[in-house]
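K.L.:
Residues in the sequence shown are numbered consecutively from 5, following the working numbering.
Quick caveat, the hints were computed from the structure, so don't treat them as lab data.
C-beta: ideal position from N, C-alpha, C; glycine also.
There could be a bad hint or two in this list.
Listed next, the in silico SDA-like pairs over lysine to any residue satisfying Cα-Cα at most 25 Å (straight line) [unchecked claim]: (1) Lys257 - Ala350; (2) Lys123 - Leu256; (3) Lys257 - Ser472; (4) Lys374 - Lys273; (5) Lys123 - Lys273; (6) Lys123 - Trp103; (7) Lys123 - Trp28; (8) Lys343 - Glu251; (9) Lys257 - His244; (10) Lys273 - Ile422; (11) Lys343 - Ile32; (12) Lys273 - Ser472; (13) Lys273 - Trp28; (14) Lys257 - Trp103; (15) Lys343 - Ser258.
Pair ranges (Cβ atoms, derived) [claimed, not checked]: (16) Lys257 - Ile142: 28 to 34 Å; (17) His433 - Ile231: 42 to 48 Å; (18) Phe347 - Ile148: 27 to 33 Å; (19) Phe26 - Ser345: 44 to 50 Å; (20) His310 - Ser210: 39 to 45 Å; (21) His433 - Leu118: 49 to 55 Å.
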Amino acid sequence: MDRTRGNSVTSIKSGIANVARFRWFIFILTNVAIFTNFSVLGSFSLTIVAMIGKNNEHTTSIDAINSTVNVTITPLKSGSVHVDWSNVDKSRMLSASFWGSLAMAAFGGRICELFGPRKVVSLSLLVNGLTTLLFPVISIHSFIGAYIIRIISGICTGIVLPSSNVIVSRWAITSERTLANAVVTSGGTLANLISLPLAGILVDSSFLGGWPSVFYLFGGLNLIVAIIWFIVVYDTPEVHPYLGSEELEVILKSRSVSSGGSVAVPWGKMFTSIPIIAYLIPSFTYGWVIAVVSAQLPSFYEDILHFSHTGNGFVTSLPWLVGIGAQLIGSAVTDRIRKNSNFSLASIRKIVTVICNCSIGLVAITLLGKRRIAVVLTLAIAKGFGTLSVAGSGVNHLDIAPSFAGTLSGFSGGMLSIASLIANEAAAHIVGKNSSQQNWYQYFYISAAVNIAGVILFCLMGSGEVQSWDPASSTNRQNVKSETQNDRAKTRSNDVELSTVDC
5 MDRTRGNSVT SIKSGIANVA RFRWFIFILT NVAIFTNFSV LGSFSLTIVA MIGKNNEHTT
65 SIDAINSTVN VTITPLKSGS VHVDWSNVDK SRMLSASFWG SLAMAAFGGR ICELFGPRKV
125 VSLSLLVNGL TTLLFPVISI HSFIGAYIIR IISGICTGIV LPSSNVIVSR WAITSERTLA
185 NAVVTSGGTL ANLISLPLAG ILVDSSFLGG WPSVFYLFGG LNLIVAIIWF IVVYDTPEVH
245 PYLGSEELEV ILKSRSVSSG GSVAVPWGKM FTSIPIIAYL IPSFTYGWVI AVVSAQLPSF
305 YEDILHFSHT GNGFVTSLPW LVGIGAQLIG SAVTDRIRKN SNFSLASIRK IVTVICNCSI
365 GLVAITLLGK RRIAVVLTLA IAKGFGTLSV AGSGVNHLDI APSFAGTLSG FSGGMLSIAS
425 LIANEAAAHI VGKNSSQQNW YQYFYISAAV NIAGVILFCL MGSGEVQSWD PASSTNRQNV
485 KSETQNDRAK TRSNDVELST VDC
């Protein structure tokens, strides 16, 4: 009895120890950094609806009775302040942050690899927090000023997101790579899940003026996390003062990259590699879907389904609620299948990418009309399972070029930003000033076609093998090992010769 109880206690302690590794604390804190950064972006698509305040504008009705005119005016909500922006202005403002991300696509990830994520992420969160706090005042007085702030916010995102991949490549062991990446990147999903309903509540309240409170809250949160990140997170496990020697040894033996430092990028080989191109294509097509759900869905729900701001916030967050469960559970299952099955890594990534295709859901809602519950649930399930891409094409760069995870993640973010820009521009032209149901459906058909194309191309060209030009490839590691052995042999030979001469 006592021995059995002792074995059970030991088993429980062992299980807790396996979960409570210090590297997972680093992954969770990276999740928090992405959460705070993306909360500013995610909440904006709903907050901007309240900023323009279409439902609260002055309305005038004129009745002519015996040449008498009666005017009835519905006033604005007490204490509310609104900006004089058109629907086209709104689409442009929603695109501004993607221009910022695009500007960092070429070198945002490389900056993280060269200078380390510790300083880079801390500075990005600090800048994002300060500019977000200034946004309400500036937006009321200047469209251009507000537009610049949104670009700066996008630049910060273009730096923070690639840093998460640098963290995973340097801290995660190979067997946990998919789940670690999912835990880290789920910060963006969690941001949309929490920030959207919270923004809906705040913009309908009188707290700090309504919609400005959203920027004050998330701007301040960015400043707090910037300080915590700089204190706790280090660039590599080798230099972290709080990491135990046992766990450090496990990481160094089992991670994908051979070194925690940066190496020269073989640009020509990288961007003529078919697997790299296959990885970047779904980044574009899935980025289009993200733009539809994150930036345009609140407007669709308001224009066609007539949700209130509060209701809009909650229903718009549902896809992210399904998504966070799908990506964490799906990634854990993917790692387990990879460990225990005979499927190749490329096959696993492709199967998951097919499963996470959102196109069926986008087409399905065009058949549901104005059935609110059915439309909301269909989009929630479609986009929720779409988040599984983090276990498919979304993590493929860690498979094929782990040494350059930050660089490739930056370019992936650039492709996502380009897609988002085009998707928002498409919404401005297709939906335009006439937000009719038919125009929205046409937009959804185009979005579904784009997403299907990305899935097909990835399945045709994708790979799961580390590329030969990456230092982490088995060929390069063997070459390094052989060179090291030769150097040691030469050293011994020289020592023998010196000993002979001395004699």
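K.L.:
Take the hints in turn and mark each one as holding or not.
P.N.:
Taking the hints in turn, this is what the structure says about them:
1. Lys257 - Ala350: holds, 23 Å
2. Lys123 - Leu256: Since the Cα atoms of lysine 123 and leucine 256 sit roughly 23 Å apart, the hinted pair holds (cutoff 25 Å).
3. Lys257 - Ser472: Since the Cα atoms of lysine 257 and serine 472 sit roughly 20 Å apart, the hinted pair holds (cutoff 25 Å).
4. Lys374 - Lys273: violated, 51 Å
5. Lys123 - Lys273: Not OK: lysine 123 and lysine 273 at ~30 Å, beyond 25 Å, violated.
6. Lys123 - Trp103: holds, 23 Å
7. Lys123 - Trp28: holds, 20 Å
8. Lys343 - Glu251: Since the Cα atoms of lysine 343 and glutamate 251 sit roughly 21 Å apart, the hinted pair holds (cutoff 25 Å).
9. Lys257 - His244: The hint holds at about 17 Å.
10. Lys273 - Ile422: Roughly 23 Å separates the two Cα atoms, so the pair holds.
11. Lys343 - Ile32: holds, 23 Å
12. Lys273 - Ser472: Roughly 10 Å between the alpha carbons, so the hint for lysine 273 and serine 472 holds.
13. Lys273 - Trp28: Violated - the C-alpha atoms of tryptophan 28 and lysine 273 are around 33 Å apart, more than 25 Å.
14. Lys257 - Trp103: violated, 40 Å
15. Lys343 - Ser258: Holds, at about 14 Å.
16. Lys257 - Ile142: 28 to 34 Å: 51 Å Cβ-Cβ, so the 28 to 34 Å window is violated.
17. His433 - Ile231: 42 to 48 Å: This hint holds: roughly 43 Å between Cβ atoms.
18. Phe347 - Ile148: 27 to 33 Å: violated, 53 Å
19. Phe26 - Ser345: 44 to 50 Å: At 30 Å between Cβs, range violated.
20. His310 - Ser210: 39 to 45 Å: violated, 23 Å
21. His433 - Leu118: 49 to 55 Å: Because 40 Å falls outside the window, the suggested range is violated.
In terms of the numbered hints stated before, the structure departs from hints 4, 5, 13, 14, 16, 18, 19, 20, 21, listed from lowest to highest.
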